[in-house]
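Chemist: Residues per chain are reported as follows:
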Amino acid sequence: MAKEVFYSGCAAAAYGAKFSRVEVISSYPIRPYTGIMMELSKLVANGDLDAEFVHGEGEHAQVSIAYGASAAGARAYTGSSGVGVTYAMECYSPAAGGRLPCQMAIADRALDPPGDFGSEHTDVMSARDQGWIMGWAETPQEVFDNTIMYYRIGEDPRVMLPQFCCQDGYFVSHIPGKVILPDQKAVDEYLPPYNNPHPLDPTRPVSHGPQIFPDQGPAIDLQRAQAFLDTPKVIAEAVKDFNKQFGRKYSPFVEEYMTDDADIAFFIMGGHARTARFAVNHLRKKGVKAGMVKLRFVRPWPTEAVAEALSKFKAVGTIETSTSYGGAMRGGNLIHEVRASLYDLPKRPAVTSFMAGLGGEVVTLNEFYEMAKILTEAAKSGKVKKGVYWLGFEPD
Amino acid sequence: MAEVKQVTIWARGVTQDMEGRHLSLLVANSADKDGKFVQAWDDYADLPDRVGVPLRKYARISEEEIEMRYEYENKQPNVVIVMDDTIIKGMDILHGMPKGGVLVVNSKRSADDLLKFIPNKELLSSITVVDASGIAADVAVDFMGSEGGVEVAAVGKGISAPLAGAASKATGLLKLESVVAVAANKEGVKQGAEAAKVKKL
Amino acid sequence: MANPVKTQNLEHIKGIRKVPQEEYYVPGHRTCQGCGPALVYKLVSKATGPNSIFLGPTGCMYVANTSYLCSPWAYPWMHTQITNGGAVASGIEAAYQVLIRKGKYKGELPNIVVMAGDGGSIDIGLQAMSGMLYRGHDALFIMYDNESYANTGIQTSPATPYGANTTFTPPGKKIPEGKVLFPKDPPQMVIGSHPAVHYVATASVAYPVDLINKVRKALNYKGPAFLHLHAPCPKGWLFDAKKTVEIAKLAIQTGMWVNYEWEKGEYTYQHTPKEYKPVKEYMKLQKRFDHLTDAHIAKMQAFIDAKLKAPGKPIAVPVQGPREMA
Amino acid sequence: MSDFKFKIPKHLEVPMGAVIPAPVKENPGMITGNWRTERPVIDHEACTLCLNCFIFCPDACWHLDEKTEKMMWNARYCKGCMICVNECPADCLTPQNELDFPKGVVRLDKPF
Numbered sequence: 000m001a002k003e004v005f006y007s008g009c010a011a012a013a014y015g016a017k018f019s020r021v022e023v024i025s026s027y028p029i030r031p032y033t034g035i036m037m038e039l040s041k042l043v044a045n046g047d048l049d050a051e052f053v054h055g056e057g058e059h060a061q062v063s064i065a066y067g068a069s070a071a072g073a074r075a076y077t078g079s080s081g082v083g084v085t086y087a088m089e090c091y092s093p094a095a096g097g098r099l100p101c102q103m104a105i106a107d108r109a110l111d112p113p114g115d116f117g118s119e120h121t122d123v124m125s126a127r128d129q130g131w132i133m134g135w136a137e138t139p140q141e142v143f144d145n146t147i148m149y150y151r152i153g154e155d156p157r158v159m160l161p162q163f164c165c166q167d168g169y170f171v172s173h174i175p176g177k178v179i180l181p182d183q184k185a186v187d188e189y190l191p192p193y194n195n196p197h198p199l200d201p202t203r204p205v206s207h208g209p210q211i212f213p214d215q216g217p218a219i220d221l222q223r224a225q226a227f228l229d230t231p232k233v234i235a236e237a238v239k240d241f242n243k244q245f246g247r248k249y250s251p252f253v254e255e256y257m258t259d260d261a262d263i264a265f266f267i268m269g270g271h272a273r274t275a276r277f278a279v280n281h282l283r284k285k286g287v288k289a290g291m292v293k294l295r296f297v298r299p300w301p302t303e304a305v306a307e308a309l310s311k312f313k314a315v316g317t318i319e320t321s322t323s324y325g326g327a328m329r330g331g332n333l334i335h336e337v338r339a340s341l342y343d344l345p346k347r348p349a350v351t352s353f354m355a356g357l358g359g360e361v362v363t364l365n366e367f368y369e370m371a372k373i374l375t376e377a378a379k380s381g382k383v384k385k386g387v388y389w390l391g392f393e394p395d
Numbered sequence: 000m001a002e003v004k005q006v007t008i009w010a011r012g013v014t015q016d017m018e019g020r021h022l023s024l025l026v027a028n029s030a031d032k033d034g035k036f037v038q039a040w041d042d043y044a045d046l047p048d049r050v051g052v053p054l055r056k057y058a059r060i061s062e063e064e065i066e067m068r069y070e071y072e073n074k075q076p077n078v079v080i081v082m083d084d085t086i087i088k089g090m091d092i093l094h095g096m097p098k099g100g101v102l103v104v105n106s107k108r109s110a111d112d113l114l115k116f117i118p119n120k121e122l123l124s125s126i127t128v129v130d131a132s133g134i135a136a137d138v139a140v141d142f143m144g145s146e147g148g149v150e151v152a153a154v155g156k157g158i159s160a161p162l163a164g165a166a167s168k169a170t171g172l173l174k175l176e177s178v179v180a181v182a183a184n185k186e187g188v189k190q191g192a193e194a195a196k197v198k199k200l
Numbered sequence: 000m001a002n003p004v005k006t007q008n009l010e011h012i013k014g015i016r017k018v019p020q021e022e023y024y025v026p027g028h029r030t031c032q033g034c035g036p037a038l039v040y041k042l043v044s045k046a047t048g049p050n051s052i053f054l055g056p057t058g059c060m061y062v063a064n065t066s067y068l069c070s071p072w073a074y075p076w077m078h079t080q081i082t083n084g085g086a087v088a089s090g091i092e093a094a095y096q097v098l099i100r101k102g103k104y105k106g107e108l109p110n111i112v113v114m115a116g117d118g119g120s121i122d123i124g125l126q127a128m129s130g131m132l133y134r135g136h137d138a139l140f141i142m143y144d145n146e147s148y149a150n151t152g153i154q155t156s157p158a159t160p161y162g163a164n165t166t167f168t169p170p171g172k173k174i175p176e177g178k179v180l181f182p183k184d185p186p187q188m189v190i191g192s193h194p195a196v197h198y199v200a201t202a203s204v205a206y207p208v209d210l211i212n213k214v215r216k217a218l219n220y221k222g223p224a225f226l227h228l229h230a231p232c233p234k235g236w237l238f239d240a241k242k243t244v245e246i247a248k249l250a251i252q253t254g255m256w257v258n259y260e261w262e263k264g265e266y267t268y269q270h271t272p273k274e275y276k277p278v279k280e281y282m283k284l285q286k287r288f289d290h291l292t293d294a295h296i297a298k299m300q301a302f303i304d305a306k307l308k309a310p311g312k313p314i315a316v317p318v319q320g321p322r323e324m325a
Numbered sequence: 000m001s002d003f004k005f006k007i008p009k010h011l012e013v014p015m016g017a018v019i020p021a022p023v024k025e026n027p028g029m030i031t032g033n034w035r036t037e038r039p040v041i042d043h044e045a046c047t048l049c050l051n052c053f054i055f056c057p058d059a060c061w062h063l064d065e066k067t068e069k070m071m072w073n074a075r076y077c078k079g080c081m082i083c084v085n086e087c088p089a090d091c092l093t094p095q096n097e098l099d100f101p102k103g104v105v106r107l108d109k110p111f
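Listed in order, the protein sequences are those of chains A, B, C and D. Under numbering that gives the first Met the number 0, residues 0 to 395 are what the first sequence spells out, in order. Under numbering that gives the first Met the number 0, residues 0 to 200 are what the second sequence spells out, in order. Under numbering that gives the first Met the number 0, residues 0 to 325 are what the third sequence spells out, in order. Under numbering that gives the first Met the number 0, residues 0 to 111 are what the fourth sequence spells out, in order.
Do not take every clue at face value.
Claimed, not checked - Pairs of lysine-lysine, DSS-like flavour, derived with a Cα cap of 25 Å:
id, chain 1, residue 1, chain 2, residue 2
1, A, Lys232, D, Lys6
2, C, Lys283, A, Lys41
3, C, Lys279, C, Lys312
4, C, Lys17, D, Lys109
5, B, Lys115, D, Lys102
6, D, Lys4, A, Lys232
7, B, Lys156, C, Lys172
8, A, Lys2, A, Lys184
9, B, Lys107, B, Lys74
10, A, Lys232, A, Lys284
11, B, Lys98, D, Lys6
12, D, Lys102, C, Lys17
13, D, Lys24, B, Lys74
14, B, Lys120, D, Lys109
15, B, Lys115, D, Lys109
16, B, Lys189, B, Lys74
17, C, Lys17, D, Lys66
18, B, Lys156, C, Lys283
19, B, Lys120, D, Lys102
20, B, Lys189, B, Lys107
21, D, Lys9, B, Lys74
22, A, Lys184, C, Lys101
23, D, Lys4, B, Lys107
24, C, Lys279, C, Lys263
25, C, Lys286, B, Lys156
26, D, Lys9, C, Lys13
27, C, Lys13, D, Lys69
28, C, Lys183, C, Lys286
29, C, Lys103, A, Lys184
30, A, Lys243, A, Lys184
31, A, Lys382, A, Lys285
If you're looking for bench data, these hints aren't it; they were derived computationally from the structure.
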């Protein structure tokens with residue numbers, strides 16, 4: 000029977016893995032994701048989860064263990080944060096190129112230097128071009144649900160890709176929220192057992208990953224690109240089935256809040272979307288027609304869904320939470336993709352970006368009001384003054 | 000675009016890797032001396048080389064700047080030079096050659112003997128045979144000039160010298176005095192040119 | 000109820016006639032003429048048989064064996080990064096443990112073998128190798144030692160002997176001996192600090208039956224094992240391809256290589272000559288040592304003499320490091 | 000976006016995840032007989048069937064034929080390293096130049 004609990008994002012991820020019946024888990028400690036592995040180690044130690052719990056000697060090993068297990072035919076789970084995510088960077092491409100759908104839980108964290116344990120999306124955003132499915136959750140409930148959904152999406156024969164299942168460090172990972180734990184049987188119905196079509200099995204031998212001819216390089220790249228073109232359809236099905244099975248109301252790609260008549264909108268992903276909703280409520284009371292669009296997947300980037308959602312506004316501000324030093328807009332990453340998504344439309348909103356929530360900084364209601372002011376101005380004039388605003392660091 | 004003369008050299012991996020590269024350098028450097036536009040390079044896909052594997056080294060010569068500089072391979076070689084005669088048996092060395100091509104082989108055997116192993120010999124206008132190994136022994140193997148490194152050994156000390164001399168005689172593409180000028184073993188170049196037997200086909 | 004994990008028992012063989020005629024590392028690979036590592040691969044494959052999974056970290060035995068889009072392995076094989084052979088093997092072993100336990104895989108536990116070069120073992124791959132051996136996975140880590148990064152054109156590794164000419168340690172006016180450092184001792188690194196490991200051995204292509212039996216003994220242990228296999232490299236060491244086995248034998252006769260087993264703390268030695276030949280006899284056949292002076296060779300001899308006092312065991316060797324010498 | 004369609008030419012196709020079937024007896028994707036400058040020629044009379052050539056061949060090109068009790072050599076793949084000649088205690092193997100044999104090598108377009 001389904002039951003309601005209060006779990007942090009870390010515990011929610013661990014239980015999402017448990018309900019997904021993961022078979023091989025690889026761990027290595029780094030804050031703030033560590034709690035996920037603490038929960039799983041308890042479950043394995045107590046016999047509540049029949050899985051191999053392998054203490055990796057580093058994040059590089061963690062991901063290697065996970066994709067090795069996936070190649071052998073087991074459902075594999077791992078995770079990390081911050082510099083741990085970037086330490087494993089070499090292993091992301093082999094896992095994706097080998098089409099090995101293991102899952103990595105990310106409770107994100109700022110990169111060094113100096114040591115900063117606060118949340119920031121830059122760690123795993125640095126790996127966004129490695130061929131993994133990637134998206135953020137806003138609440139522990141969404142973390143739990145995404146964990147199960149991501150396995151279903153990644154292991155689909157049309158997809159066969161590994162997944163970064165991300166949540167904001169501390170904000171989501173450490174502050175408990177309500178989580179409905181479903182019936183295991185319902186999860187089993189939703190998520191079939193993992194089936195690797197070509198496992199490393201001596202009864203039907205294959206070779207994984209021989210060298211290719213140089214001119215086959217683009218062809219294999221294209222094959223992966225094609226998988227990402229096919230993935231949105233699978234995501235849409237998986238989310239629809241999930242909503243049906245568990246009574247949730249997820250949109251597959253972008254979730255809209257108070258957008259019907261909005262002039263300005265915040266474009267955001269992860270935990271700060273929660274504050275953004277309250278900001279929208281307060282702004283509405285003050286007569287500002289504000290709305291919010293929450294992004295659920297960074298990879299595959301939902302180009303059409305983003306274009307459709309954002310084209311109706313006069314001005315849009317992307318809340319970045321990650322850095323792209325020296326990038327086109329001199330700030331974060333999201334605005335590049337947002338602007339590219341809108342470029343071909345006959346009518347486009349003005350788009351700017353806000354550097355907020357970096358290094359674990361809280362994005363406050365006041366900051367959202369500040370953004371709303373800038374966006375309202377842009378909505379009136381039809382254009383933005385700047386492509387990026389570093390909130391709290393702008394001259395008067 | 001002016002015609003680019005493509006020279007392909009076949010050699011054995013490791014034991015002839017450096018001499019093969021030297022031969023391509025002798026071809027290119029001497030043509031450069033004659034005021035031509037040139038390039039010489041290793042076949043990237045054949046590297047890293049293994050002991051005994053058939054390898055290709057390339058040179059291009061043109062009256063104008065070479066536009067196809069970044070193409071990996073010589074797809075239509077006008078001149079093929081084979082540093083080890085047994086390669087003619089296992090490889091289609093004339094693959095892609097336009098009619099009227101030139102073949103130079105390092106061998107103790109006769110041209111007729113060698114032609115038996117070349118089923119598409121109608122592509123050739125001539126075959127030249129020289130016992131380059133008899134004129135100059137292989138020099139020590141040295142990897143420092145491979146993988147984009149700068150050659151440490153003097154260019155053209157071993158069998159590349161007589162083969163470059165023979166190629167000069169066989170093709171008319173290279174002036175003998177230019178080849179002599181750029182090669183370390185100058186005597187070897189001359190002896191190669193002298194000893195080379197050109198057979199018109 | 001969990002299913003027990005059944006493992007294989009591989010037979011000890013008495014002589015060359017008992018070596019299986021079947022090939023599982025089949026003809027058709029782009030390894031050098033006379034390639035020592037290829038000979039290792041063939042012999043190890045004969046030892047393991049087809050109920051095996053091999054992992055190939057990047058190196059000669061990846062690139063030369065799979066160029067291009069083909070494979071010489073009749074059993075399942077997977078490429079791993081040069082960094083993570085031990086970790087990927089750990090994941091595969093863990094997967095089989097749970098899949099067999101859950102009844103999803105019906106057979107015996109396959110022989111899981113990492114075939115790593117010296118770089119993939121004791122240099123960039125050291126962390127993953129140590130992790131696998133430490134955690135007690137039922138897998139075999141093999142270091143085929145051709146004493147350099149051969150695939151990329153012969154660069155120095157921690158297994159490259161002192162005095163070798165490699166493309167990263169060329170002899171020059173300032174550094175006449177080429178490689179200045181002495182090599183790591185791989186078995187000793189494993190024996191010294193991996194409590195789950197009960198079997199470590201060295202073997203050489205010069206003694207193939209011994210090599211096969213050591214592979215089988217290693218695999219018969221329920222748990223991790225480590226083998227250090229000597230694999231002369233005609234390209235990197237610069238000798239005539241036909242001399243691969245001859246050189247391997249000479250390595251043993253000069254003490255440059257020692258065949259031994261370490262089993263639960265006990266050492267036994269194999270193929271020990273009555274009297275060791277001078278190392279010079281071994282070195283002079285390889286052009287990588289051509290540039291060395293008598294003083295350099297004496298230094299090598301002193302190093303080997305010290306090591307031979309107790310092969311495989313920690314011992315103070317009379318060799319100065321580069322900072323001491325400066 | 001939805002009109003993204005591609006065509007990969009047959010010769011550039013790579014299976015999903017670069018997973019290929021394992022070979023059975025030989026790897027026809029890498030024929031290496033053309034590496035030889037010399038081949039080992041056996042004198043069956045002198046051969047003692049010691050199996051040294053079989054055990055020491057890195058390319059697995061020597062086998063004992065149980066029926067004829069003779070060592071069989073694989074011309075398609077032997078690279079001609081001559082380890083077998085070097086390790087033969089009976090001196091029954093002799094290297095001979097490859098061009099002395101008009102047949103016996105598969106001609107290839109590419110060296111690999």
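Chemist: None of the hints should be skipped; say for each whether it holds.
Modeler: Verification of the supplied hints:
1. A distance of roughly 21 Å separates the Cα atoms of Lys232 of chain A and Lys6 of chain D; the hinted pair therefore holds under the 25 Å criterion.
2. For the hint pairing Lys283 of chain C with Lys41 of chain A, the CA-to-CA distance comes to about 60 Å; that exceeds 25 Å, so the pair is violated.
3. Using a Cα cut-off of 25 Å, the hinted pair Lys279 of chain C and Lys312 of chain C holds, with the two alpha carbons roughly 24 Å apart.
4. Between Lys17 of chain C and Lys109 of chain D the CA atoms are separated by roughly 39 Å; this puts the pair beyond 25 Å, and the hint is violated.
5. Of the pairs offered as hints, the one joining Lys115 of chain B and Lys102 of chain D holds, with about 11 Å between alpha carbons and a cut-off of 25 Å not exceeded.
6. With a C-alpha separation of about 15 Å, the suggested pairing of Lys4 of chain D with Lys232 of chain A holds against the 25 Å cut-off.
7. About 23 Å separates the Cα atoms of Lys156 of chain B and Lys172 of chain C, which keeps this hinted pair within 25 Å; it holds.
8. Among the hinted pairs, Lys2 of chain A with Lys184 of chain A is consistent with the structure: their alpha-carbon atoms are about 13 Å apart, no more than 25 Å.
9. As the CA atoms of Lys107 of chain B and Lys74 of chain B are separated by approximately 29 Å, the hinted pair breaks the 25 Å bound.
10. Distance restraint check for Lys232 of chain A and Lys284 of chain A: the Cα-Cα separation of roughly 38 Å exceeds the 25 Å cut-off, and the hinted pair is therefore not satisfied.
11. The suggested pairing of Lys98 of chain B with Lys6 of chain D is violated, with an alpha-carbon distance near 34 Å, which exceeds 25 Å.
12. The straight-line distance between the Cα atoms of Lys102 of chain D and Lys17 of chain C is roughly 35 Å, outside the 25 Å bound, and the hint therefore fails.
13. For the hint linking Lys24 of chain D to Lys74 of chain B, the alpha-carbon distance of about 34 Å lies beyond 25 Å, and the restraint is violated.
14. A distance of roughly 18 Å separates the Cα atoms of Lys120 of chain B and Lys109 of chain D; the hinted pair therefore holds under the 25 Å criterion.
15. Restraint check: the Cα-Cα separation between Lys115 of chain B and Lys109 of chain D comes to about 20 Å, which is no more than 25 Å; the hinted pair holds.
16. In summary, the hint linking Lys189 of chain B to Lys74 of chain B is not supported, as the alpha carbons are separated by about 30 Å, beyond the 25 Å threshold.
17. Proposed proximity of Lys17 of chain C and Lys66 of chain D is supported: the alpha carbons are some 17 Å apart, at most 25 Å.
18. Pair hint Lys156 of chain B plus Lys283 of chain C holds up; C-alpha atoms about 24 Å apart against a cutoff of 25 Å.
19. Between the alpha carbons of Lys120 of chain B and Lys102 of chain D the distance comes to roughly 17 Å, so the proposed pair stays at or under 25 Å and holds.
20. Using a Cα cut-off of 25 Å, the hinted pair Lys189 of chain B and Lys107 of chain B holds, with the two alpha carbons roughly 18 Å apart.
21. For the given pair, Lys9 of chain D sits about 20 Å from Lys74 of chain B by alpha-carbon distance, which is consistent with the 25 Å threshold.
22. Restraint check for Lys184 of chain A and Lys101 of chain C: satisfied, since their Cα atoms lie roughly 18 Å apart, inside the 25 Å limit.
23. Of the pairs offered as hints, the one joining Lys4 of chain D and Lys107 of chain B is violated, with about 57 Å between alpha carbons and a cut-off of 25 Å exceeded.
24. Between Lys279 of chain C and Lys263 of chain C, the direct Cα distance comes to roughly 35 Å. Violation of the 25 Å bound is thereby established for this hinted pair.
25. This hinted pair checks out: Lys286 of chain C and Lys156 of chain B have alpha carbons roughly 18 Å apart, not beyond 25 Å.
26. A hinted pair counts as satisfied when its Cα atoms are at most 25 Å apart, and Lys9 of chain D with Lys13 of chain C does not qualify at roughly 50 Å.
27. For a cut-off of 25 Å, the pair hint linking Lys13 of chain C to Lys69 of chain D stands: about 22 Å separates their Cα positions.
28. With a CA separation close to 22 Å, the supplied pair Lys183 of chain C and Lys286 of chain C stays within the 25 Å bound.
29. A C-alpha spacing of about 19 Å is found between Lys103 of chain C and Lys184 of chain A, which places the hinted pair at or below 25 Å, so the restraint holds.
30. Annotation: proposed proximity of Lys243 of chain A to Lys184 of chain A holds, straight-line Cα distance about 15 Å (limit 25 Å).
31. This hinted pair checks out: Lys382 of chain A and Lys285 of chain A have alpha carbons roughly 23 Å apart, not beyond 25 Å.
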